[in-house]
Amino acid sequence: MKLSRCFVLILCTSYIGVFAQKNTCIKLNFKGLINNLALKLDSNYILPNNDTINIETCRFYISNIQLIHQNKTIFFDSTLAHLIDMAEPNSMSIELLVSKNIKYNAIQFNLGIDSALNVSEVLSGDLDPTMGMYWTWQSGYINFKIEGKSKNSPSRYKQFQYHLGGYLYPNYALQTLRFKTSKKPEITFTLEVDKFLNGLDISKVYQIMSPTENSVLLSKKLAQLFKVK
Amino acid sequence: MKKYLFVLMAIILVVCGFKLQSTFDLTIPNGWPKPIYDFSKNKLTEEKILLGRVLFYDPILSKNNTISCASCHSQYTAFTHVDHALSHGIEDRIGNRNAPALMNLAWHQNFMWDGAIHHLDFQSLAPIENHDEMDEKIVHVINKLNLIPRYKNLFLSAFGDSLISGERTLKALSQFMLTLVSANSKYDKVMQQKDTFTQQEQNGYLLFKQHCASCHTEPLFTNLQFENNGLPIDSILNDIGRMRITQKTTDSLKFKVPTLRNIEFSFPYMHDGRFKKLSQVLNHYTNGMVPYQNLSPVLIQPITLTSNQKVDIIAFLLTLTDKEFLFNKQYSYPR
Chain A
1 MKLSRCFVLI
11 LCTSYIGVFA
21 QKNTCIKLNF
31 KGLINNLALK
41 LDSNYILPNN
51 DTINIETCRF
61 YISNIQLIHQ
71 NKTIFFDSTL
81 AHLIDMAEPN
91 SMSIELLVSK
101 NIKYNAIQFN
111 LGIDSALNVS
121 EVLSGDLDPT
131 MGMYWTWQSG
141 YINFKIEGKS
151 KNSPSRYKQF
161 QYHLGGYLYP
171 NYALQTLRFK
181 TSKKPEITFT
191 LEVDKFLNGL
201 DISKVYQIMS
211 PTENSVLLSK
221 KLAQLFKVK
Chain B
230 MKKYLFVLMA
240 IILVVCGFKL
250 QSTFDLTIPN
260 GWPKPIYDFS
270 KNKLTEEKIL
280 LGRVLFYDPI
290 LSKNNTISCA
300 SCHSQYTAFT
310 HVDHALSHGI
320 EDRIGNRNAP
330 ALMNLAWHQN
340 FMWDGAIHHL
350 DFQSLAPIEN
360 HDEMDEKIVH
370 VINKLNLIPR
380 YKNLFLSAFG
390 DSLISGERTL
400 KALSQFMLTL
410 VSANSKYDKV
420 MQQKDTFTQQ
430 EQNGYLLFKQ
440 HCASCHTEPL
450 FTNLQFENNG
460 LPIDSILNDI
470 GRMRITQKTT
480 DSLKFKVPTL
490 RNIEFSFPYM
500 HDGRFKKLSQ
510 VLNHYTNGMV
520 PYQNLSPVLI
530 QPITLTSNQK
540 VDIIAFLLTL
550 TDKEFLFNKQ
560 YSYPR
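Just so you know, the sequences run in chain order A and B. Position one of the first sequence corresponds to residue 1 (our numbering), numbered consecutively onward. Position one of the second sequence corresponds to residue 230 (our numbering), numbered consecutively onward.
Check each hint, because a few of them may be wrong.
To be verified - Computed list of lysine-lysine pairs in DSBU-like fashion (alpha-carbon distance at most 35 Å, straight line): (1) B:K366 - A:K31; (2) A:K158 - B:K366; (3) B:K292 - A:K151; (4) A:K145 - B:K366; (5) B:K373 - A:K31; (6) A:K145 - B:K381; (7) B:K381 - A:K220; (8) A:K220 - B:K263; (9) A:K158 - B:K381; (10) A:K158 - B:K477; (11) B:K381 - A:K204; (12) A:K158 - B:K373; (13) B:K477 - A:K40; (14) B:K366 - A:K195; (15) B:K366 - A:K149; (16) A:K145 - B:K418; (17) B:K366 - A:K40; (18) A:K40 - B:K292; (19) A:K145 - B:K552; (20) A:K204 - B:K366; (21) B:K477 - A:K27; (22) B:K477 - A:K149; (23) B:K373 - A:K149; (24) A:K149 - B:K270; (25) B:K477 - A:K195; (26) A:K151 - B:K366; (27) B:K373 - A:K220.
Everything labelled a hint here was simulated from the structure, so no lab data went into it.
Full structure from sequences and hints, please.
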């Protein structure tokens, strides 16, 4: 029994050896930008509209990553979703294991969780409801969460909270992003957080916590603020 | 390379160390539709059901460890909060709805009076995190469970390792709730020709089929839909029902049709518990309905019942009491 197990182990190890040689990693980095500098949480920034802000939380889901060559998907990420959390440097990179001589000219992914995953059973890992990215009073994932303080917020403690999501039409907040790139082995995506907040009237809309029309509008705006570097 | 070896070793360890679970077969009562819950994604086992049952009765799910699921869903009253129009949570905070009775949940697509929850696995999150109910955070619940050796053991025997996660906790709670099947009332026995209705119950059954069954459809005694049943709006609660979720004005004042099984014990009635007695409910349908524009189409035609007919309908409704369900030891506090 023990011998046969050993044999299986050797067999599997050699298989992985061969497998590893033929593959390489493409690393996707996500980076928050504010006033053209790397975003630091819990720091004060002055926006062009003269608001003083401080971001405490910035987290979002990236899902359905695909590498595309001549309009055909040639690689599909098997991980259901990745939670990018600006407070967790390790979460801000995603590694894709791809074939060594892969050629692609575009990359596509979703910002958020699609409706199929939204209606499935409770899931583990980054999709576990303990990750704080699930609405509890009404079913559905929060695609994007940004929280902090703003001088202009009329709320108690000057807070703003935007929890964006929604998986049912017409308030379907998921955004599909596609970028032309053929970079290897690293691609960096930036998100200009200052442009997002600068364009909002925080004195009026300082919290969104349900899948509404506003949630969809802001999600569309966010999608335009991702850039490939 | 190292990473793969580690994964491989882990797989081998799991395969070798995997303890067989005792599978649990949920009996689907004869003539019932196919359950909506996808059991293939959360296969029932005795161990997981037990874990879910322990969690259901444990006040650790609430912020100050004072109330459990069973506080508002007590078995002897068909898993609802008897005697309270609006259920109360920790520190006697009063919510805005009447806790629904829990049974036959595998056949439900949406949960809550307004259908806010779309899958049983996510249902428990709502009361755990609601300010007026348990006012806790699921992530704190997991942290608290991790400190208790009993739970380490329960998770170990349920899942093969002692990892305590939100997913596992919620799935175990689903498992216990899925076992709450009520299908052994006198009504069921009559349908199986093991018992007979009295004349009065039989009269009531015929009247029920004529006036009530289009929404309270057999065998679940609910069509699982959302309907506006013409209740005058409570100006203090201003509860718009399903519209809160869909934001469609056509869903204004619509609430989920509740099951009538075990209705004898699940008083008070309606989403806000405004009626204490079944006679009041029947009087509402004959004399009290507000003719809203989106009133359930089957209620537009006025319902006329004599007082004797009402008594007959109530006699029939009492045949929906399932004592085997209400006193089933498998559902009670796990000693």
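How the hints compare with the structure:
1. Proximity of B:K366 to A:K31 is assessed by CA-CA distance (about 29 Å); at most 35 Å being required, the pair is judged to hold.
2. Restraint check for A:K158 and B:K366: the C-alpha separation of about 23 Å stays at or below 35 Å, so the hint holds.
3. Restraint check: the Cα-Cα separation between B:K292 and A:K151 comes to about 32 Å, which is no more than 35 Å; the hinted pair holds.
4. In summary, the hint linking A:K145 to B:K366 is supported, as the alpha carbons are separated by about 17 Å, within the 35 Å threshold.
5. Using a Cα cut-off of 35 Å, the hinted pair B:K373 and A:K31 holds, with the two alpha carbons roughly 34 Å apart.
6. Restraint check for A:K145 and B:K381: satisfied, since their Cα atoms lie roughly 32 Å apart, inside the 35 Å limit.
7. With a C-alpha separation of about 44 Å, the suggested pairing of B:K381 with A:K220 is violated against the 35 Å cut-off.
8. Among the hinted pairs, A:K220 with B:K263 is inconsistent with the structure: their alpha-carbon atoms are about 40 Å apart, more than 35 Å.
9. This hinted pair does not check out: A:K158 and B:K381 have alpha carbons roughly 42 Å apart, beyond 35 Å.
10. About 32 Å separates the Cα atoms of A:K158 and B:K477, which keeps this hinted pair within 35 Å; it holds.
11. For the hint pairing B:K381 with A:K204, the CA-to-CA distance comes to about 48 Å; that exceeds 35 Å, so the pair is violated.
12. Simply put, A:K158 and B:K373 have alpha-carbon atoms about 32 Å apart, close enough for the 35 Å limit, and the pair holds.
13. For the proposed pair B:K477 and A:K40, the alpha carbon gap of about 41 Å is over 35 Å, so the pair is violated.
14. Using a Cα cut-off of 35 Å, the hinted pair B:K366 and A:K195 holds, with the two alpha carbons roughly 32 Å apart.
15. As the CA atoms of B:K366 and A:K149 are separated by approximately 22 Å, the hinted pair is consistent with the 35 Å bound.
16. Of the supplied pair hints, the one linking A:K145 and B:K418 is violated, its CA atoms being roughly 53 Å apart against a limit of 35 Å.
17. A hinted pair counts as satisfied when its Cα atoms are at most 35 Å apart, and B:K366 with A:K40 qualifies at roughly 27 Å.
18. At roughly 32 Å between alpha-carbon atoms, A:K40 and B:K292 fall within 35 Å of each other, so this suggested pair holds.
19. The suggested pairing of A:K145 with B:K552 is violated, with an alpha-carbon distance near 48 Å, which exceeds 35 Å.
20. For the proposed pair A:K204 and B:K366, the alpha carbon gap of about 29 Å is at most 35 Å, so the pair holds.
21. For the suggested pair B:K477 and A:K27, the alpha carbons sit about 44 Å apart, so the restraint of at most 35 Å is broken.
22. Annotation: proposed proximity of B:K477 to A:K149 holds, straight-line Cα distance about 33 Å (limit 35 Å).
23. For the hint pairing B:K373 with A:K149, the CA-to-CA distance comes to about 30 Å; that is within 35 Å, so the pair holds.
24. Using a Cα cut-off of 35 Å, the hinted pair A:K149 and B:K270 is violated, with the two alpha carbons roughly 41 Å apart.
25. Taking the CA atoms of B:K477 and A:K195, the gap is near 33 Å; set against the 35 Å cutoff, the hint holds.
26. For the proposed pair A:K151 and B:K366, the alpha carbon gap of about 29 Å is at most 35 Å, so the pair holds.
27. Among the hinted pairs, B:K373 with A:K220 is inconsistent with the structure: their alpha-carbon atoms are about 39 Å apart, more than 35 Å.
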